[in-house]
Amino acid sequence: MTAQTITSQRRDELAAMDMRDAFFDEIYRIARDDSSVVFLTDDMDAFSLRRFKKDMPDQFLNIGVAEQNLINLSAGLAMSGKQVFAYGIAPFVTMRCFEQIKVNICSMRLPVTIVGVGAGFSFEFDGPTHHGIHDVPIMRAIPEMNIYNPSDAASAEGIAKRVHVAGEPAYVRIDKGTFPVLMSTEDDFSSGYRIINPPGDVTVVATGYMSSRIAGVLSKLGSDGEDIGLVDLYRLKPLDQKFVADVIEPSKTVITLEESSISGGIGTIVAELIAEGDSHTKLIRLGAEDRQFIQYGTREWFHSINGIDDESLAKTLRQALK
Amino acid sequence: MNPPLSITDLEDKARWVRLQSLEATVRAGKGHLGGTYSCTDLLVALYYADILNLDPADPDDSARDRFLIGKGHACLALYSIFKDKGMISQAVFEEFGVSGGALGGQLDTSTPGVEYNTGSLGHVLGIGAGIALAARMDKAAFKAFVVLGDAECYEGSIWEAIVFAGDQQLSGLVGIIDRNRLSVTDTLDDDTFFNEFPNKVRSFGWDCIEINGHNFDEILAAFESAKQSSKPVMILANTIKGKGVSFMEGGVKWHHSVPSGKELDIARSELSSSAAS
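If you read the sequences in order, they're chains A and B.
Residues in the first sequence are numbered consecutively from 129, following the numbering used here.
Residues in the second sequence are numbered consecutively from 356, following the numbering used here.
Quick caveat, the hints were computed from the structure, so don't treat them as lab data.
Check each hint, because a few of them may be wrong.
Which residues of chain A face chain B? A partial, calculated answer using Cβ under 10 Å [stated by the list, open to error]:
#1 Ala194
#2 Asn325
#3 Arg446
Only pairs whose alpha carbons sit at most 25 Å apart, straight line, appear in this in silico BS3-like list of lysine-lysine [stated by the list, open to error]:
#4 A:Lys181 with B:Lys494
#5 A:Lys443 with A:Lys410
#6 B:Lys494 with A:Lys182
#7 A:Lys365 with A:Lys304
#8 A:Lys443 with A:Lys348
#9 A:Lys380 with A:Lys370
For clarity, every value in this text was computed on a predicted model and none was experimentally measured.
All C-beta atoms in this analysis are idealised placements derived from N, C-alpha and C, irrespective of residue type, glycine included.
Produce the entire structure from the sequences given, and follow the hints as far as they go.
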């Protein structure tokens, strides 16, 4: 099967589209064609949701600031034939209601997609309660959970389609803002990762916002950048077994890069694969330190104190190439 | 479906359910008889008095009423009812307490007729609200009947559900509190919490009906009233932990103890003789 090339017009559209709009507009189209789709929120807004609320009021409900009830309602709806999207701020919709997700959604494998906005340090001045750096590790602890972390409008749109077709428990962590499109061909987003640059001696495995950042850093490194592999891991769980042969084995050094705690996210995932495999691949994990950041600053500032700003990344890559 | 039973038949059925639960507990060497017996009459009314719209031959019918229970440790009463209704076999029933067996100390959806995986308290009222919301969205007639323990009402998520269902006026939601006044380790002399409970719930937009949870006339009247209400309804059923066996009634010990020797003889006798009379 030959993948279809993305037209320049579609590429321009996707690059100009806010990631949240790409995701929610796709959910809008899905809900319009499938009246069993219900969208719940714990009082979290997004511009693109207003159209959903206006055009399909019977399929949309703001249930108020009550995350445990958000998930319990989602479970009851899903048990009664609905496919539910439950939307809120990433740390709150994953941690305040962790047991509800584990027992009431996942143990019964109900078709509920939890959508968390505020990946990483995107709620920059709101302190550690709002940082989305432990949502992925905690969701990873649930066996039945599918975890998605899109990195551009194309993957956000594709993942929306994917979770609807799958009808399984899922967590999607979305970002806000526009991002360059990280692919040249259309994708059905079934494999879980996209190889942007073929794996080399040094390969970066990144996810979400950081995939976009590192692609920008590589483009500025000149010929050095061309030798560095780049893989966008947009589905963190489950991980396709081919990932080991496709990405880890061809690489002498893998650098994992995530805007998430260094403990429990893709750094840990890749560490487990390397530890259990036969390769002697070296691993460098980049992400947020394993602590709560009772600090306030811009997203860029948080990246710099964690060594994942563009300048630090370029330095780390150059060192890894030596 | 069989016609609903008379009050005397219901009382006999409740004794039979208690006896089945006793025998299964003795066989397995484990079980929660106290909290099973306090809600047995409520469960028997739901399943045998034409309260729940359920076809035992088609437990997945999308038009069915949904029954959920938070205190899943009362599972033996339900297993007994499901056996009686032909939804599980005697052989499966006897797997209770067997390692790797079909029936555990909590309910899970692998058993026909079970809607929800129990074990953690405080979730079912919100799930019931979701079911009632789905029914309203689909203009369907089914309701969610949800049994809660009284100790369970200390969970905050119960109150999130009370606020939501009252605000939404979800008339498809019926909560039933098994007010047996005992938790695992203690007596709930929490009258400040429960004396005003009906008014607290009403203030959130619910109907609340307080009844003797062992009197079938009162139980049936409350359920019929709940079915007609335009609001969500909470039935506060005052019950006795261990009800039906004299020495178990009102004792913390019988949350999770297995009778033997003379006590077992007395329990069997009390649960059999009345049924035969």
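Cross-check of the supplied hints:
no. : hint                   : in the structure
1   : Ala194                 : holds (4 Å)
2   : Asn325                 : violated (45 Å)
3   : Arg446                 : violated (51 Å)
4   : A:Lys181 with B:Lys494 : holds (20 Å)
5   : A:Lys443 with A:Lys410 : holds (17 Å)
6   : B:Lys494 with A:Lys182 : holds (20 Å)
7   : A:Lys365 with A:Lys304 : holds (22 Å)
8   : A:Lys443 with A:Lys348 : holds (12 Å)
9   : A:Lys380 with A:Lys370 : holds (17 Å)
Comparing the model with each earlier hint shows violations of hints 2 and 3; every other hint is respected.
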